[in-house]
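Asker: Those protein sequences? They're chains A and B, same order as listed.
Per my numbering, residue 129 is the first one in the first sequence, and the count goes up by one each step.
Per my numbering, residue 43 is the first one in the second sequence, and the count goes up by one each step.
By construction, these hints were calculated from the structure, which means they are not laboratory data.
In this text the structure is predicted, and so the values were computed from the model without any measurement.
From the three backbone atoms N, C-alpha and C, an ideal C-beta is built for every residue, glycine too.
A few of these clues could be false.
[Unchecked claim] In silico DSS-like cross-links for lysine-lysine, where the CA-CA straight-line distance does not exceed 27 angstroms:
| no. | chain 1 | residue 1 | chain 2 | residue 2 |
| --- | --- | --- | --- | --- |
| 1 | A | K164 | A | K184 |
| 2 | B | K51 | B | K99 |
| 3 | A | K236 | A | K185 |
| 4 | A | K164 | A | K185 |
| 5 | A | K184 | A | K236 |
| 6 | A | K236 | B | K51 |
| 7 | B | K51 | A | K164 |
| 8 | A | K198 | B | K99 |
| 9 | A | K184 | B | K51 |
| 10 | A | K198 | A | K236 |
| 11 | A | K198 | A | K164 |
| 12 | A | K187 | A | K164 |
| 13 | A | K164 | A | K179 |
| 14 | A | K164 | B | K99 |
| 15 | A | K184 | A | K228 |
[Unchecked claim] So these bits of chain A aren't anywhere near chain B, every CB distance computed over 10 angstroms:
| no. | residue |
| --- | --- |
| 16 | G144 |
| 17 | S180 |
| 18 | L189 |
| 19 | N199 |
Single-letter residue listing:
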Amino acid sequence: GQQVMQIPQYQHVQEGEDFTTYCNSSTTLSNIQWYKQRPGGHPVFLIQLVKSGEVKKQKRLTFQFGEAKKNSSLHITATQTTDVGTYFCAGGPLEGGYQKVTFGTGTKLQVIP
Amino acid sequence: DSGVTQTPKHLITATGQRVTLRCSPRSGDLSVYWYQQSLDQGLQFLIQYYNGEERAKGNILERFSAQQFPDLHSELNLSSLELGDSALYFCASSPQGGRGRETQYFGPGTRLLVL
Numbered sequence: 129g130q131q132v133m134q135i136p137q138y139q140h141v142q143e144g145e146d147f148t149t150y151c152n153s154s155t156t157l158s159n160i161q162w163y164k165q166r167p168g169g170h171p172v173f174l175i176q177l178v179k180s181g182e183v184k185k186q187k188r189l190t191f192q193f194g195e196a197k198k199n200s201s202l203h204i205t206a207t208q209t210t211d212v213g214t215y216f217c218a219g220g221p222l223e224g225g226y227q228k229v230t231f232g233t234g235t236k237l238q239v240i241p
Numbered sequence: 043d044s045g046v047t048q049t050p051k052h053l054i055t056a057t058g059q060r061v062t063l064r065c066s067p068r069s070g071d072l073s074v075y076w077y078q079q080s081l082d083q084g085l086q087f088l089i090q091y092y093n094g095e096e097r098a099k100g101n102i103l104e105r106f107s108a109q110q111f112p113d114l115h116s117e118l119n120l121s122s123l124e125l126g127d128s129a130l131y132f133c134a135s136s137p138q139g140g141r142g143r144e145t146q147y148f149g150p151g152t153r154l155l156v157l
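Just need the whole structure built from these sequences, with the hints factored in.
Answerer: The structure is reproduced here in structure tokens:
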């Protein structure tokens, strides 16, 4: 079955440093979604990318979808303590108009003040 | 607040017991998903329902079962509980069960502790 891996599994950064997490799928994705789970919280949708090579920005967060639609990345510039949490990518193929989404393994970000 | 509700928030029980977790989707959403998240682990997809029917199955144990009722709320039943079943159980909902490229809206979760 489809596998979606994320690296790194854990990342500790000093506040103000940049951070990047990478998402790699074993199969071609129709789209990629990113979710953030704060400590003690539930996953919350951040953004969706659909087109090959697409890049989207949300303030200090930059999301990229690979040209082959099998990988994606999330880059945070100048991290803040509010960025702490686990970031999940999610995606899947679109078959018959329906999509079965697989969540990535997640990257847990710790920001040291 | 995602609009998805889950009860109870916390549940402590003993090995061998049976529990039921409840989820109410966002108003208008027809599909419910169940996930298991063990400590510091990812989201393991268990099962999905759409408008009362099972749509997809993930790594759900035979001791676990679920259903979606006509009012669209869903219940996840966990039986013959083992220590390893201790985890956070999330319910998520989406409007059309994955039609197109839908976002999933997660509930606050039920934290289950099996002693």
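Asker: Take the hints in turn and mark each one as holding or not.
Answerer: Here is how each hint holds up against the structure:
1. A:K164 with A:K184: The hint holds at about 16 angstroms.
2. B:K51 with B:K99: Within the cut-off at roughly 24 angstroms; holds.
3. A:K236 with A:K185: Status holds; Cα separation ~20 angstroms.
4. A:K164 with A:K185: 15 angstroms, holds
5. A:K184 with A:K236: Holds: A:K184 and A:K236 sit about 21 angstroms apart, inside 27 angstroms.
6. A:K236 with B:K51: 23 angstroms, holds
7. B:K51 with A:K164: Holds: B:K51 and A:K164 sit about 20 angstroms apart, inside 27 angstroms.
8. A:K198 with B:K99: 23 angstroms, holds
9. A:K184 with B:K51: 35 angstroms, violated
10. A:K198 with A:K236: Within the cut-off at roughly 21 angstroms; holds.
11. A:K198 with A:K164: 20 angstroms, holds
12. A:K187 with A:K164: Holds, because 15 angstroms separates the two Cα atoms, which is no more than 27 angstroms.
13. A:K164 with A:K179: It holds: about 21 angstroms lies between the C-alpha atoms, which stays within 27 angstroms.
14. A:K164 with B:K99: Given that 27 angstroms is the threshold and the Cα spacing comes to 24 angstroms, the pair holds.
15. A:K184 with A:K228: Status holds; Cα separation ~23 angstroms.
16. G144: Its Cβ never comes within 10 angstroms of chain B, the nearest being 26 angstroms, so this holds.
17. S180: 14 angstroms, holds
18. L189: A:L189 is indeed farther than 10 angstroms from all Cβ atoms of chain B, at 17 angstroms.
19. N199: 17 angstroms, holds
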